[in-house]
Amino acid sequence: MKTVIIKYNAGNVQSVMYALDRIGASYLWTDEEAEIRTADKVIFPGVGEASTAMAYLREKGLDKVIPTLTQPVLGTCVGMQLMCRHSEENDTTCMGIFDLNVKRFDASAHKVPHVGWNNIYDLQSSLTTGLPENSYVYFVHSYFAELSPYTVAKCDYVQPFSAMLHKDNFYAAQFHTEISGKEGQRILENFLAQ
Amino acid sequence: MLTKRIIPCLDIKDGRTVKGTNFVNLRDAGDPVELGAIYAEQGADELVFLDITATVDNRKTLIDLVRNVAKHVNIPFTVGGGISSIADVSALLNAGADKVSINSSAVRRPELINELALQFGSQCIVVAIDTRFVENEHIVHTHGGRKPTEIRTIAWAKEVEERGAGEILLTSMDTDGTKAGFANQLTATISTNASIPIIASGGAGSMEHFYEVFTEGKADAGLAASIFHFKEIDIIELKTYLQQKGISIRL
Chain V
1 MKTVIIKYNA GNVQSVMYAL DRIGASYLWT DEEAEIRTAD KVIFPGVGEA
51 STAMAYLREK GLDKVIPTLT QPVLGTCVGM QLMCRHSEEN DTTCMGIFDL
101 NVKRFDASAH KVPHVGWNNI YDLQSSLTTG LPENSYVYFV HSYFAELSPY
151 TVAKCDYVQP FSAMLHKDNF YAAQFHTEIS GKEGQRILEN FLAQ
Chain W
195 MLTKRIIPCL DIKDGRTVKG TNFVNLRDAG DPVELGAIYA EQGADELVFL
245 DITATVDNRK TLIDLVRNVA KHVNIPFTVG GGISSIADVS ALLNAGADKV
295 SINSSAVRRP ELINELALQF GSQCIVVAID TRFVENEHIV HTHGGRKPTE
345 IRTIAWAKEV EERGAGEILL TSMDTDGTKA GFANQLTATI STNASIPIIA
395 SGGAGSMEHF YEVFTEGKAD AGLAASIFHF KEIDIIELKT YLQQKGISIR
445 L
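Sequences listed follow chains V and W, in order. Just so you know, we're using the numbering used here here: the first sequence kicks off at 1 and counts up by one. Just so you know, we're using the numbering used here here: the second sequence kicks off at 195 and counts up by one.
Honestly, the hints are just simulated from the structure, not real lab data. Accuracy of the hints is not assured; some may be wrong.
What the hints assert, rightly or not - Derived DEER-like restraints, expressed as beta-carbon distance ranges: (1) A193/V x Q313/W: 35 to 41 Å; (2) A107/V x E353/W: 15 to 21 Å; (3) D122/V x V328/W: 50 to 56 Å; (4) T70/V x K425/W: 48 to 54 Å; (5) E410/W x R58/V: 47 to 53 Å; (6) N134/V x S279/W: 38 to 44 Å; (7) T434/W x A193/V: 30 to 36 Å; (8) T343/W x G130/V: 48 to 54 Å; (9) R346/W x A193/V: 52 to 58 Å; (10) Q438/W x K2/V: 44 to 50 Å; (11) D168/V x E353/W: 43 to 49 Å; (12) K439/W x R58/V: 47 to 53 Å.
To be verified - Keeping only pairs whose Cα atoms sit at most 27 Å apart, straight-line, the calculated DSSO-like set for lysine-lysine is: (13) K7/V x K64/V; (14) K167/V x K182/V; (15) K60/V x K154/V; (16) K154/V x K182/V; (17) K425/W x K182/V; (18) K207/W x K254/W; (19) K103/V x K352/W; (20) K439/W x K182/V; (21) K373/W x K439/W; (22) K103/V x K7/V; (23) K412/W x K352/W; (24) K7/V x K182/V; (25) K7/V x K207/W; (26) K207/W x K341/W; (27) K341/W x K373/W; (28) K425/W x K207/W; (29) K111/V x K412/W; (30) K265/W x K7/V; (31) K439/W x K111/V; (32) K352/W x K111/V; (33) K154/V x K167/V; (34) K2/V x K265/W; (35) K425/W x K265/W; (36) K412/W x K439/W; (37) K182/V x K2/V; (38) K103/V x K64/V; (39) K182/V x K265/W; (40) K60/V x K103/V.
This structure is a prediction, so every number in the text was calculated from the model and none was measured. From the three backbone atoms N, C-alpha and C, an ideal C-beta is built for every residue, glycine too.
Pulled out of the complex, with its shape left as it was, chain W reads as follows:
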């Protein structure tokens, strides 16, 4: 049976992980390659590396990092941040990334999704959607969730699928950082309407929250960052818990 995926997200700046971690066994807490390999060993189903600097200068550093991750990690991983062209995607895939995630550039020019899907196949194109509830509507935001657009989230999710996205990474800016649980209702609405997988992100604070996002939220995968980095939730414990609760999980 296809399993629900647990995905740690690592924020990268200048080739280093940004948010602190308390992995005492890490030789270098800022080394994304070592951290990624540990997560893979612990049973993470995939990894996401998000380059939060994403400037031209940092591109080469990111490519080097991707190459290193690909050499050392034997599970799929996605790279996102500042990707806006076929050339960007080509460089990342050639370095060994399995998928790329695009966000603001897709909002700016939705045809980019079609072009990337045609060139590289939908399977490696993840469209990230940052959403916030504004005046009774779920609205797409860009620039790390700071800048509102006029696009409605539910319609946008359908559009990116039709344009060829292979997966949607849905981050609720309303729940992100709250540790009060994922945006289950919105996730369920989008997931039920979609024929591609939905990765839910934003708000994970407990193991129950993952259970809820897979049941109420109908998500295909759950993504989180700090709770894994700070070991508030251990991946093996989380996956064991979910399996005991009847969720299909790879253990």
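Okay, chain V solo, but in the shape it has when bound:
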């Protein structure tokens, strides 16, 4: 099986690679369209700022490649946000795979960013097979995707938001599967088994 991690300027991909190593999966880290299109699975990770990341994807033409992929694609954290329509982070037009908006948490009553372990519920994704309701996973983010028909896992911070999204071959998680303990590992394994 060929798994590709998309190479772009939203960093700390090393943790994702080590997480794949731990479950014995091999992978290729690349931004070349041909390699990405021929992969069996595509992982689109992300830590960083939305507008800078989108500008880079546009420059590389990856903003046109990713939405037209037909194999299973998993976006995490900022990767997930870039798969939505628009982000309030520097008013960024994103790839629009999921027709919904990414908004900033209201910081008036809560600390922002949302950092730490929080429980996810209403689990309806094939990626959460084997995970009990209210499993804990690790989040670090200031922006969130609204609840929508694509929401397949929810989390509460300030308000309920989308912890996971799913549409056709596109999967996404707001949290960091790569450092979310056994639960995160299970989600990655489930993704690779799609």
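Following the hints, put chain W in place on chain V, whose structure we already have.
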């Protein structure tokens, strides 16, 4: 619900854990990777590795260690000690660290916080503040808490947040090592004024102390070293206790 975090801290010298431990099941008590993995298994929410040698010679050893930890540990971890440049941070993050912690270098040149936050994002920049109560004022100290500065702790905490710190690791040198409890009042003052998480450190001696730092101290996370290493407090027991007391905890 977002949970309060329990964070064991491992002091590292020449790639080895410094303070002794009495984990009888450890093959090698000085191996930070094995110890870190055990803590992760026991339910630690994050780990902090503090390089107390932090000389240029030891940098490569530390990077190797970070790479090994990242390979074996599936929870977030922070690395601190002697970090003073973008290049230092880049090397640690590329080796697999999730966050870095800076202390004296931020006091020396506060712009470093802005530069690191811009380059790597606030989420991975922890600013450690060592504080001591001197002549009626909480004063920032550097060099492992030995050297006083002229900076007031509460103002400094606000400044590091404004400059882009993602979290604050607040260590009270007044309570550190006493096992008499965290500096709850100061922690609460800083936490209430901050919109970023506060990790409280220094003084943990009992499970009640963690309860107090999360309630009275309003901390987002509690960090301790020796009480975990010497198994005076078991992480699972601690987390069960806190949950029974109504604290939101990951179990």
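- Task: Check each numbered hint against the structure and report the violated ones by number, ascending.
- Result: 15, 25
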